[in-house]
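Respectively, the protein sequence lines represent chains W and R. Note that our numbering has the first sequence beginning at 1, numbered continuously upward. Note that our numbering has the second sequence beginning at 1, numbered continuously upward.
Simulated from the structure, these hints should not be mistaken for lab results. Heads up, some of the hints might be wrong.
[Stated by the list, open to error] Computed footprint of chain W on chain R; a stretch qualifies when at least three of its residues, placed anywhere within it, have a C-beta under 8 Å from a C-beta of chain W:
{"hint": "1", "region": "87-96"}
{"hint": "2", "region": "297-305"}
[Unchecked claim] The calculated lysine-lysine pairs, modelled on DSBU-like cross-linking and capped at a C-alpha distance of 35 Å, are:
{"hint": "3", "chain 1": "W", "residue 1": "Lys353", "chain 2": "R", "residue 2": "Lys239"}
{"hint": "4", "chain 1": "R", "residue 1": "Lys162", "chain 2": "W", "residue 2": "Lys353"}
{"hint": "5", "chain 1": "W", "residue 1": "Lys162", "chain 2": "R", "residue 2": "Lys427"}
{"hint": "6", "chain 1": "R", "residue 1": "Lys425", "chain 2": "W", "residue 2": "Lys25"}
{"hint": "7", "chain 1": "W", "residue 1": "Lys239", "chain 2": "R", "residue 2": "Lys61"}
{"hint": "8", "chain 1": "W", "residue 1": "Lys425", "chain 2": "R", "residue 2": "Lys4"}
{"hint": "9", "chain 1": "R", "residue 1": "Lys61", "chain 2": "R", "residue 2": "Lys275"}
{"hint": "10", "chain 1": "R", "residue 1": "Lys427", "chain 2": "W", "residue 2": "Lys30"}
{"hint": "11", "chain 1": "W", "residue 1": "Lys61", "chain 2": "R", "residue 2": "Lys353"}
{"hint": "12", "chain 1": "R", "residue 1": "Lys193", "chain 2": "W", "residue 2": "Lys25"}
{"hint": "13", "chain 1": "W", "residue 1": "Lys56", "chain 2": "W", "residue 2": "Lys87"}
{"hint": "14", "chain 1": "R", "residue 1": "Lys275", "chain 2": "W", "residue 2": "Lys193"}
{"hint": "15", "chain 1": "R", "residue 1": "Lys198", "chain 2": "R", "residue 2": "Lys239"}
{"hint": "16", "chain 1": "W", "residue 1": "Lys87", "chain 2": "W", "residue 2": "Lys61"}
{"hint": "17", "chain 1": "W", "residue 1": "Lys4", "chain 2": "R", "residue 2": "Lys239"}
{"hint": "18", "chain 1": "R", "residue 1": "Lys459", "chain 2": "W", "residue 2": "Lys30"}
{"hint": "19", "chain 1": "R", "residue 1": "Lys87", "chain 2": "R", "residue 2": "Lys25"}
{"hint": "20", "chain 1": "R", "residue 1": "Lys25", "chain 2": "W", "residue 2": "Lys26"}
{"hint": "21", "chain 1": "W", "residue 1": "Lys154", "chain 2": "R", "residue 2": "Lys275"}
{"hint": "22", "chain 1": "R", "residue 1": "Lys282", "chain 2": "W", "residue 2": "Lys193"}
{"hint": "23", "chain 1": "R", "residue 1": "Lys87", "chain 2": "W", "residue 2": "Lys425"}
{"hint": "24", "chain 1": "R", "residue 1": "Lys87", "chain 2": "R", "residue 2": "Lys61"}
{"hint": "25", "chain 1": "W", "residue 1": "Lys198", "chain 2": "R", "residue 2": "Lys162"}
{"hint": "26", "chain 1": "W", "residue 1": "Lys154", "chain 2": "R", "residue 2": "Lys87"}
{"hint": "27", "chain 1": "W", "residue 1": "Lys425", "chain 2": "R", "residue 2": "Lys282"}
{"hint": "28", "chain 1": "R", "residue 1": "Lys4", "chain 2": "W", "residue 2": "Lys162"}
{"hint": "29", "chain 1": "R", "residue 1": "Lys353", "chain 2": "W", "residue 2": "Lys239"}
{"hint": "30", "chain 1": "W", "residue 1": "Lys4", "chain 2": "R", "residue 2": "Lys425"}
{"hint": "31", "chain 1": "W", "residue 1": "Lys193", "chain 2": "R", "residue 2": "Lys200"}
{"hint": "32", "chain 1": "R", "residue 1": "Lys154", "chain 2": "W", "residue 2": "Lys193"}
{"hint": "33", "chain 1": "W", "residue 1": "Lys154", "chain 2": "R", "residue 2": "Lys198"}
{"hint": "34", "chain 1": "R", "residue 1": "Lys193", "chain 2": "W", "residue 2": "Lys193"}
{"hint": "35", "chain 1": "R", "residue 1": "Lys275", "chain 2": "R", "residue 2": "Lys239"}
{"hint": "36", "chain 1": "R", "residue 1": "Lys198", "chain 2": "W", "residue 2": "Lys198"}
{"hint": "37", "chain 1": "W", "residue 1": "Lys239", "chain 2": "R", "residue 2": "Lys25"}
{"hint": "38", "chain 1": "W", "residue 1": "Lys4", "chain 2": "R", "residue 2": "Lys87"}
{"hint": "39", "chain 1": "R", "residue 1": "Lys30", "chain 2": "W", "residue 2": "Lys427"}
Every residue, glycine too, gets a C-beta built ideally from N, C-alpha and C.
There are 2 protein chains.
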Amino acid sequence: MQVKIQQAGETIRRLIRRDAYTNLKKILDKTHPADIAYLARDFTQFERDTIFKILKDDTEKTAAALSEMELKEAVRLLEQISQEDIKLILLEMSPDDRVDIISSLPEELSEAVLQLMKKADTEEVENLMGFDENTAGGIMNTEFHAFDEEMTAKEAIDVIQKSPDIESYFYVYVVDDRNHLVGVLSLRQLIVKPGNTKLKNIMQTEITSVHTSIDQEEVARQVARYNFLAIPVVDEENKLVGIVTVDDTIDVLREEATEDFMKLAGTSTQEITEKSVTGSLKVRSPWLLASLAGGILAAVEISNFVVTLERFIGLSAFLPVIIGMGGNVGVQSSTLMVRGLATGRINISHIWKVIGRELLVGASLGVIYGILLGLLSRVLIWADIFEFKSDISFTVLGFVVGLGICTSMLIATVVGAFVPLVLEKMKIDPALASGPFVTTAIDVLGVGSYLFIAATLIK
Amino acid sequence: MQVKIQQAGETIRRLIRRDAYTNLKKILDKTHPADIAYLARDFTQFERDTIFKILKDDTEKTAAALSEMELKEAVRLLEQISQEDIKLILLEMSPDDRVDIISSLPEELSEAVLQLMKKADTEEVENLMGFDENTAGGIMNTEFHAFDEEMTAKEAIDVIQKSPDIESYFYVYVVDDRNHLVGVLSLRQLIVKPGNTKLKNIMQTEITSVHTSIDQEEVARQVARYNFLAIPVVDEENKLVGIVTVDDTIDVLREEATEDFMKLAGTSTQEITEKSVTGSLKVRSPWLLASLAGGILAAVEISNFVVTLERFIGLSAFLPVIIGMGGNVGVQSSTLMVRGLATGRINISHIWKVIGRELLVGASLGVIYGILLGLLSRVLIWADIFEFKSDISFTVLGFVVGLGICTSMLIATVVGAFVPLVLEKMKIDPALASGPFVTTAIDVLGVGSYLFIAATLIK
């Protein structure tokens with residue numbers, strides 16, 4: 001499958017190079033809009049522009065392809081055509097995608113396009129524009145079937161047959177005379193029942209709905225948990241105002257997972273699609289600066305223990321292992337917390353239980369690896385692999401190194417677990433600061449405690 | 001919403017403590033099976049057993065709740081009841097979930113249960129058991145509507161009305177007389193058309209299907225890309241054998257993302273639900289051992305440069321910043337690659353372009369932070385914040401440190417980008433070895449090059 005698409009991509013590029021527009025149009029007609037959007041990511045700007053020019057009169061396909069593309073690129077392409085053409089393409093989009101594009105167009109253009117669109121549609125778009133794009137209101141679709149509870153199954157089917165444009169056909173929502181959501185039934189239930197049955201007698205009345213202001217991630221989690229195909233969105237008065245469909249929630253879940261990955265690594269989703277090197281530098285720099293500050297702090301720490309270090313230079317040889325082991329075990333703990341919190345597997349109400357458990361894990365790991373490293377370093381020195389000379393007993397050195405790694409790992413697990421949980425409790429995104437902040441903090445604390453132990457034991 | 005569920009959970013626990021089984025049954029009846037499964041994660045074993053005993057006669061709800069639970073726990077609960085009861089509950093499950101449970105039961109029990117189940121069902125389960133559980137065949141559902149292309153819309157609707165048990169009602173598949181998949185249409189299209197229209201005249205013939213052996217991740221990606229509600233699964237002869245529904249693919253995508261998170265951190269998904277501390281230790285140890293080996297290698301490296309270090313002890317103060325910055329920038333690069341490859345945003349066919357870009361980013365970051373750190377260290381020494389004494393020019397020291405961090409960051413970006421791409425090319429999961437392996441490799445290489453630069457420049 002993947003291979004087939006790649007081949008289509010190669011063919012498209014070749015046809016563009018040869019200016020073979022007739023054949024190009026033929027192959028584009030046969031390519032799924034999602035595949036066009038997928039392929040476009042690897043195309044040059046010129047190639048994308050060419051494809052767009054050929055495709056744009058097929059407004060439905062163009063709309064579908066643009067909806068699947070990076071917003072920035074979709075806007076760039078649209079800016080090349082007339083306002084009238086923009087309008088025609090936008091009208092083929094689902095309202096939520098339409099709003100995303102309109103709010104990203106330059107202000108003048110966006111107003112002109114809004115003017116061109118029919119009044120009804122504009123109103124809908126303007127209503128949607130009032131919602132934060134990361135909430136249920138921001139991702140909901142306003143095209144859905146809502147029927148009065150007094151209607152019969154037959155009447156409902158008749159309405160559906162006459163409105164072929166409504167995308168979300170799997171659930172039918174039932175409202176009372178004040179447009180309050182009171183029930184739901186599937187299209188299947190509608191056709192299975194005798195035509196004269198009233199909707200209120202066949203509908204399911206236990207409905208899960210979300211408020212317009214609910215975070216999109218929470219919406220996606222509910223859709224995933226209950227295996228819904230769509231979830232209804234209601235306003236303050238429990239009036240049905242839209243639905244969020246499962247395909248939109250898949251995108252939300254994937255985007256959020258990618259965002260968490262990038263944040264944990266100290267960068268952002270932006271960098272995956274970033275083309276320019278300077279763009280990458282900007283995105284990466286904040287956390288690298290934090291890491292630099294931490295590193296300098298560690299250097300100052302070390303300079304304060306210069307007397308101890310000069311008595312036995314071999315102590316510095318174990319700095320990398322102290323930092324490396326601490327960092328790795330800390331990342332294990334913080335990743336566990338960040339992902340556990342994101343998927344709901346770890347519950348913030350059990351914060352002390354979770355931290356207590358990590359403390360135990362950290363202490364056990366510290367003792368095990370402390371003994372291991374302490375013995376190993378003693379053996380390495382005995383075997384003359386380390387070429388250090390010193391008046392300090394090598395057994396003491398092994399003990400210092402072992403105790404150092406033990407402390408460092410204990411600190412690492414606790415910091416690694418604590419930081420994300422505290423951030424979550426403070427309603428700050430735990431993924432944001434957990435990665436580089438945790439490793440930097442662990443570096444500074446680990447180095448400090450190791451040298452303190454050394455200075456105390458080696459007198 | 002979340003709060004409401006938590007409250008239900010508290011009530012359930014209280015009722016269990018009071019042995020108030022009648023009220024307990026009432027509240028369980030009103031709780032969604034997905035919520036019961038969700039709450040059960042925080043319950044004690046005794047509480048879960050109590051709930052299961054009360055719930056088990058409602059086979060449909062029990063089946064739904066067990067399907068949403070950890071497989072291990074679902075099996076543990078089922079082992080407490082009679083084979084006949086197990087059979088009744090399993091019969092309410094979708095075939096793919098049923099297979100997962102049966103293959104996890106102790107062999108004797110699983111055979112006894114298979115015996116009890118009706119022949120037809122057993123055959124189906126046994127067929128499914130032949131597929132790898134991570135493939136389309138392993139997650140597909142065998143209950144779906146497939147109609148002959150010569151049937152009319154009316155005839156198809158009649159069949160649907162008579163088979164209320166089939167879960168996946170949104171697509172209807174069309175096959176020819178040899179059961180080959182030839183078309184698809186939505187339930188909606190079926191009721192919109194006149195009843196006497198033949199299916200072959202209204203079906204959509206461009207169908208995306210997957211082979212039973214396709215990896216579940218690839219299946220999920222296709223469902224997400226094309227916004228499908230289900231995707232048909234075919235065997236070698238293009239015969240329709242099942243469908244994978246969107247709710248199953250959401251679970252796949254979430255599971256895979258969680259797996260990648262854990263692998264990148266050097267642990268596994270298992271640890272999120274792991275209760276015992278020794279279990280955690282086992283899961284975390286492989287990568288910690290690798291990190292320990294790397295740390296000892298770095299210690300040996302350092303011991304080889306003891307002459308240089310003894311001439312200026314201040315060099316060791318910069319080991320943490322060299323390791324820390326290298327590690328962070330390397331994690332940024334490798335995370336970018338791992339997630340980019342997983343979501344299809346980064347394409348393996350452009351491996352050299354991607355690595356070239358990272359090389360540029362690494363070189364730029366190296367130069368910027370090299371100059372910054374070089375100047376900073378020179379200033380810190382001048383300001384007497386570092387209490388080192390030495391006969392080496394401090395300008396040379398600044399130069400060594402600057403060049404050291406520059407090299408280390410350049411190495412880090414290239415290793416960070418290269419390792420996941422090479423693993424992907426070798427068909428090894430890039431998430432598996434990228435995290436701790438990359439940071440450990442970067443530690444060793446970074447420390448080595450820094451000390452080499454120092455030894456070369458400080459003569």
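Each hint tested on the structure:
no. : hint                     : result
1   : 87-96                    : violated (count 0)
2   : 297-305                  : holds (count 6)
3   : Lys353(W) with Lys239(R) : 52 Å, violated
4   : Lys162(R) with Lys353(W) : 52 Å, violated
5   : Lys162(W) with Lys427(R) : 51 Å, violated
6   : Lys425(R) with Lys25(W)  : 34 Å, holds
7   : Lys239(W) with Lys61(R)  : 30 Å, holds
8   : Lys425(W) with Lys4(R)   : 19 Å, holds
9   : Lys61(R) with Lys275(R)  : 27 Å, holds
10  : Lys427(R) with Lys30(W)  : 31 Å, holds
11  : Lys61(W) with Lys353(R)  : 31 Å, holds
12  : Lys193(R) with Lys25(W)  : 31 Å, holds
13  : Lys56(W) with Lys87(W)   : 12 Å, holds
14  : Lys275(R) with Lys193(W) : 49 Å, violated
15  : Lys198(R) with Lys239(R) : 21 Å, holds
16  : Lys87(W) with Lys61(W)   : 14 Å, holds
17  : Lys4(W) with Lys239(R)   : 21 Å, holds
18  : Lys459(R) with Lys30(W)  : 69 Å, violated
19  : Lys87(R) with Lys25(R)   : 22 Å, holds
20  : Lys25(R) with Lys26(W)   : 63 Å, violated
21  : Lys154(W) with Lys275(R) : 54 Å, violated
22  : Lys282(R) with Lys193(W) : 56 Å, violated
23  : Lys87(R) with Lys425(W)  : 44 Å, violated
24  : Lys87(R) with Lys61(R)   : 14 Å, holds
25  : Lys198(W) with Lys162(R) : 20 Å, holds
26  : Lys154(W) with Lys87(R)  : 39 Å, violated
27  : Lys425(W) with Lys282(R) : 30 Å, holds
28  : Lys4(R) with Lys162(W)   : 40 Å, violated
29  : Lys353(R) with Lys239(W) : 52 Å, violated
30  : Lys4(W) with Lys425(R)   : 19 Å, holds
31  : Lys193(W) with Lys200(R) : 26 Å, holds
32  : Lys154(R) with Lys193(W) : 15 Å, holds
33  : Lys154(W) with Lys198(R) : 22 Å, holds
34  : Lys193(R) with Lys193(W) : 19 Å, holds
35  : Lys275(R) with Lys239(R) : 44 Å, violated
36  : Lys198(R) with Lys198(W) : 30 Å, holds
37  : Lys239(W) with Lys25(R)  : 32 Å, holds
38  : Lys4(W) with Lys87(R)    : 44 Å, violated
39  : Lys30(R) with Lys427(W)  : 31 Å, holds
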